[in-house]
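Quick note on numbering: this note's numbering labels position 101 of the sequence shown as 289, and the sequence is numbered without any gaps.
Fair warning: there could be bad hints in the mix.
Unchecked claim - In silico BS3-like pairs for lysine-lysine, Cα to Cα no more than 30 Å straight-line:
#1 K244 / K277
#2 K262 / K250
#3 K247 / K262
#4 K277 / K243
#5 K262 / K244
#6 K262 / K294
#7 K284 / K247
#8 K243 / K262
#9 K241 / K262
#10 K284 / K250
#11 K241 / K277
#12 K277 / K294
#13 K262 / K277
#14 K284 / K294
#15 K243 / K294
#16 K284 / K262
Think of the hints as simulated: they come from the structure by calculation, not from any bench.
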Amino acid sequence: MNSSARASGELSPCASVCILFEETEECIQWFCNTLVAMIPTLQNRVCTIVTDKGKKLRKCLKICFPEASCILCKFHVNQIFQRQITTNKMELSAYKRQEILICLQKMMHCDDYNEYLSYVSQLLHAFNNTKLSECYGINRNLFIVIGHGCPTLLY
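Model the full assembly from the supplied sequences, consistent with the hints where possible.
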């Protein structure tokens with residue numbers, strides 16, 4: 189945090205990195221506790237945490253920062269889409285898969301909620317794919333992507 193932000197009480201971005209010997213819940217919790225011990229005011233001031241989809245990490249972060257929203261970063265959301273929207277799983281042609289992935293990219297970068305909803309509608313209706321609709325129904329949170337003014341992917 190820079191000195192002018194500290195003096196005025198403003199919040200500023202904070203990043204932390206830790207190399208863990210093992211990615212166990214115990215090691216992750218140790219890191220979270222150490223971070224809070226080093227900067228005690230952090231616990232009540234963190235609003236949003238951007239992570240990958242690691243359940244252990246997210247669980248530990250929610251323990252140490254219960255008021256913070258944990259969201260997935262766009263990179264990891266895109267990786268999820270790339271893994272889940274496949275020609276075999278969704279019974280799609282390679283061309284149709286590419287169209288859907290482009291639409292999902294546009295969803296991730298849309299500027300307002302109405303634009304976001306139009307892409308959801310395009311996915312569910314224009315592509316008219318039962319498997320994709322089933323995936324959306326089961327994994328609805330994967331389709332709620334990070335965008336300017338759009339819903340956030342919360343876990």
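For a quick check of understanding: which of the numbered hints are violated here, in increasing order?
7 and 10
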